[in-house]
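**Student:** Both chains are sitting in their own frames, so use the hints and assemble them into the complex.
The listed protein sequences derive, respectively, from chains A and B.
Heads up, the first sequence is in the numbering used here, so the first residue is 19 and it goes up one at a time.
Heads up, the second sequence is in the numbering used here, so the first residue is 296 and it goes up one at a time.
For the record, the hints were derived by calculation from the structure and aren't laboratory data.
Where hints are given, some of them may not hold.
Claimed, not checked - Quick list of in silico lysine-lysine cross-link-like pairs, DSSO-like style, CA-CA up to 30 Å:
#: 1; chain 1: A; residue 1: LYS116; chain 2: B; residue 2: LYS504
#: 2; chain 1: B; residue 1: LYS510; chain 2: A; residue 2: LYS152
#: 3; chain 1: A; residue 1: LYS284; chain 2: B; residue 2: LYS312
#: 4; chain 1: B; residue 1: LYS340; chain 2: B; residue 2: LYS405
#: 5; chain 1: B; residue 1: LYS508; chain 2: A; residue 2: LYS200
#: 6; chain 1: B; residue 1: LYS362; chain 2: A; residue 2: LYS240
#: 7; chain 1: A; residue 1: LYS240; chain 2: B; residue 2: LYS312
#: 8; chain 1: B; residue 1: LYS456; chain 2: A; residue 2: LYS25
#: 9; chain 1: B; residue 1: LYS495; chain 2: A; residue 2: LYS25
#: 10; chain 1: B; residue 1: LYS340; chain 2: A; residue 2: LYS242
#: 11; chain 1: A; residue 1: LYS152; chain 2: B; residue 2: LYS495
#: 12; chain 1: B; residue 1: LYS504; chain 2: A; residue 2: LYS25
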Amino acid sequence: MSASSNKISVYVSRGNCLSPMGIDVTENMNGLIQGEIGISKIVDQKLQEDSFYGAIVDKNRLHTSFQELNYVGEYSDLEKMMLITVDKIKSEFKVLFKDDCGLIISTTKGNIDELSSEVDEENYALYGLANKIKNTIGIATEPIVLSNACVSGVMAISVAKRLIQSGSYKHFVIIGADVFSKFVFSGFQSFQAISNQPCKPYDKSRDGITLGEAAAAIFVTKNKSLIDNQPFYELIGDSSINDANHISGPSRTGEGLFKSISNAIKEAETDKIDMISSHGTATNYNDEMEAQAFNRASLQDVPLFSLKSCFGHTLGAAGLLETVIALNFSTRNMIPPSIGYEEHGVTLPLNVSKSFQQKEINVILKTASGFGGSNTAVLFRKGKSNEK
Amino acid sequence: MEEVIQPFYLEKENRMKNNIIHYCNIKDGSVSVNGKSLYVNTVEKDFLSFIKTVYKQFDLAYPKFYKMDPLCKLSIVAASILLENTGSEIDPNMALVLSNKSSCIDIDRKHQETISQEADSYASPANFVYTLPNIALGEISIKYKLQSENSFFIFEYFNPKFLIDYTNSLIDLGKSNRVLSGWVEVNENNYNAFLFIVEKSDGIELTQKNLIKLK
Numbered sequence: 019m020s021a022s023s024n025k026i027s028v029y030v031s032r033g034n035c036l037s038p039m040g041i042d043v044t045e046n047m048n049g050l051i052q053g054e055i056g057i058s059k060i061v062d063q064k065l066q067e068d069s070f071y072g073a074i075v076d077k078n079r080l081h082t083s084f085q086e087l088n089y090v091g092e093y094s095d096l097e098k099m100m101l102i103t104v105d106k107i108k109s110e111f112k113v114l115f116k117d118d119c120g121l122i123i124s125t126t127k128g129n130i131d132e133l134s135s136e137v138d139e140e141n142y143a144l145y146g147l148a149n150k151i152k153n154t155i156g157i158a159t160e161p162i163v164l165s166n167a168c169v170s171g172v173m174a175i176s177v178a179k180r181l182i183q184s185g186s187y188k189h190f191v192i193i194g195a196d197v198f199s200k201f202v203f204s205g206f207q208s209f210q211a212i213s214n215q216p217c218k219p220y221d222k223s224r225d226g227i228t229l230g231e232a233a234a235a236i237f238v239t240k241n242k243s244l245i246d247n248q249p250f251y252e253l254i255g256d257s258s259i260n261d262a263n264h265i266s267g268p269s270r271t272g273e274g275l276f277k278s279i280s281n282a283i284k285e286a287e288t289d290k291i292d293m294i295s296s297h298g299t300a301t302n303y304n305d306e307m308e309a310q311a312f313n314r315a316s317l318q319d320v321p322l323f324s325l326k327s328c329f330g331h332t333l334g335a336a337g338l339l340e341t342v343i344a345l346n347f348s349t350r351n352m353i354p355p356s357i358g359y360e361e362h363g364v365t366l367p368l369n370v371s372k373s374f375q376q377k378e379i380n381v382i383l384k385t386a387s388g389f390g391g392s393n394t395a396v397l398f399r400k401g402k403s404n405e406k
Numbered sequence: 296m297e298e299v300i301q302p303f304y305l306e307k308e309n310r311m312k313n314n315i316i317h318y319c320n321i322k323d324g325s326v327s328v329n330g331k332s333l334y335v336n337t338v339e340k341d342f343l344s345f346i347k348t349v350y351k352q353f354d355l356a357y358p359k360f361y362k363m364d365p366l367c368k369l370s371i372v373a374a375s376i377l378l379e380n381t382g383s384e385i386d387p388n389m390a391l392v393l394s395n396k397s398s399c400i401d402i403d404r405k406h407q408e409t410i411s412q413e414a415d416s417y418a419s420p421a422n423f424v425y426t427l428p429n430i431a432l433g434e435i436s437i438k439y440k441l442q443s444e445n446s447f448f449i450f451e452y453f454n455p456k457f458l459i460d461y462t463n464s465l466i467d468l469g470k471s472n473r474v475l476s477g478w479v480e481v482n483e484n485n486y487n488a489f490l491f492i493v494e495k496s497d498g499i500e501l502t503q504k505n506l507i508k509l510k
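Just chain B, with the same shape it has in the complex (with noise of 0.2 Å):
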């Protein structure tokens, strides 16, 4: 008989506890998912050019992604990657759970000179309408038709045991069966994404330790 080699985690016990059943990290000029790497550029040192690279190199073929801030950009980036390489069938109510350091700093600060110049000078509502974390939410949401629990959260460093708790309470209190959560930071050329969907079925067992080592 052929034998059959499972992944570690495929263990009995875990089988009805919320678990990690995919994740996709962009950092340092990589980009993996589930833990292969799937695209390496560190000669791009600027954010919105390394973006970019990955964006072309995908295929993402969504046009909106150049009006976007760059928080959105790596959001949605991030999360088309996450779920377009992973053959994971698209849940309408798959919730959202983002959070981050610096909310969407660079749109701020790019907001904040448009008005500091002296006479003449106009906000643009093209900037301004990126000037809130949680556009990052409704850019993915769009894109993948998720009518679902959206919110975004700051803390000032990546918070597992935060991300665990709610996520888990989504689940278990029945507001939505499937979660996309994480941590998607940018301020200027320090970026990281670390996005991670948990449900109840097999997977990575939904722990601090696993979502820092996974980070």
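Looking at chain A on its own, in the form it has when it is part of the complex (with noise of 0.2 Å):
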């Protein structure tokens, strides 16, 4: 019997996230859905001379809320971000820590600021990193870290759904989480990657990212029974193919992410697709690379939006953030819009989202594309909850 003849269903739920829009999902759909953004000027002379765009998280709320929580001992901002991040999930599925649930971090840099001759490795190591939310959440299951660039957080659910469906787990808790670092500001800007207004995914006057950071956490089982009390999504297909063309920049052909979705769309034995919530870094060669893959896959009719120009790219953390709250307008059944997008900037037609959009949203297209030639795409259903 092969396994994916018997298929193992693994479901998601709608998670929680933390943004400068948010201490929680709640407080970040709020501010969605009455148009704000995260991205403001900042001004940090440590960072930059002049002042910049960017997505930072108030840190005097960050440390309150922390408090909030009552652990004993010294914790970064990064690690406050992801322990409030995850603490919803703790409180309620605690007691499946002790079983075979499985822990994620998915993050490109960690604690990365605190690299110095003068700290211990565990400071700044991601497995440090790892071992300290392990240990104060209490799973009992050796934490794994995934670091695949900006793909990292859409790959982690695959990965979690993978394990379980090959027997390994019964649940996962996910946590992505990236921080502003000096260290990857520096080295976009070295790149002159980096917008001189908030950024315009997919817009004519597009001209590069804009950073942020952010925390966001997903719980994934195979037992739907513990999560349909609530509105639950179905993981339905699922694939992450490299471009193998260059280290930095994206295939010009959208090869990889074409293929992703492809193989995702296959497995889901769907292509009715209501929605995609795409990668959308406002970089010329990204936004087009992606209209070329949706092309070819013949999405360019699917309403789409990128939420890059709200919460900034927020690097491990983006593509868990940005499932977690595309899931959470599923299941409101809207579209949001796609901020920054006024003048079609891409060669191939996509139906980018200008304004919300009520319609009933069943299944949802995550992807995302990163350093390294790497691409994810992620499909997700619906799952009828007994909500009361």
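**Tutor:** Now the structure itself:
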């Protein structure tokens, strides 16, 4: 008997998130619906002499909220963001943490700004971060760090699904997070990839990315009854195919993304997709590459939006944060606008959402692409909840 | 009738399982494939000097090697030696599942040094682009034109259970027929690469015990 002929179904809850827009998913959704964005003009001379645009979490609010959790010990801002975000999942499913429950930490750089010779390796190494989170929330299994550039957050969902389907785990807690660091900011500046305005995905005048910081968390399980008292989603297809083209530039033909989407659709046995939460970084090459891939997959008419113009590019958190937001919009049968999109700026047609639309949403495609030629596509289908 | 001596692992019950068909180690100044030592250089204690002698010894002729960060250098050299010294056909759908402890710490340090200097310090894009561990997957994919599943994981210690679980899931769920999996760790002059190829054919049984033994 092959596993694929008798595949285990895997489900996710709508999750939680923390960003400059709010301390939890409710605040974030309320802000988005009111048309707010998390990007603002930042003055921080440690990062750059001139002001710049970024999406940075209010640290006073962060520290106050963290105190309410009553953890003892030293925690970095990144760790506080992760622990606040996962707390809802922890209080609901703590009893399962001692069971076959895995933990995936999705991050690109973790506590990288701690990197210096005077500091112990555990303080900046990714494994140190993972161990600390695992011990603090009380997960019994060895923590898994997935560090796969900007696709990490979406790929983490896919990895969890596969490890549950192959019988290695029953549940997963996934936490995705990255902070706004000098390390990353200076690097993207050296690429001249930072926008002089809040980024404008798919728009004609787009001129690069805006960086952000955020955390997101989601619970993945094969046991539907654990989460069907609230809106939930089934993971129905997933794939991550490398472009094999360039380490920092996306493929001009969108090859890897196209293949990832096609594979996910094939597995899901449906091409009826109601909305796409895309990557949309607002660099020239990325958005153009996505347009190529979505057209090759005949998805150019499906309503699509990028959330980078609200949250900035949050790297290892991005895919998970955007999934959480997309699923929460889907629950409300709403398609959000892709902020900053005014004049079509890619060479092929795309149905970029310009305003809030009310529409029945059942199947959602989430995509991401990143350095190293990485691409990921995951398809979600709305479950029938027993919500009272 | 001439007697055919079969390798110890060719047992029929293994045939439809996911087995290790080839493996490669680079550690302690030596390079071996399928357990056979192919090169030893215990003189060069410095990792970058050592890996350059390996690159030259195996005639890898891939000048991009010189631009890479230490993690990519170790990964591309180990993968090239494994793929080119075992006569294995390059399968463009072969998945890559790599892991280590220190991510890409050496290039991270280098980038951090350039940005923490006072005035007139500018980050180098040539360094920054390598400050993600999965770039090593991208480099292997580019060299061998692998349009396949790619993921990079970090663990404090070599984690054979995870590598087995994830590798099996890729094959058993039909994501890939063949997986190049393993551990590629570099932190200054401490290095260790252990890569292995898994598919459904005759080979060494994919068990934690075997992986620990072969590493």
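**Student:** Checked against the structure, which of the hints given earlier come out wrong?
**Tutor:** Hints 5, 6, 10 and 11 are the ones this structure does not satisfy, whereas the remaining hints hold.
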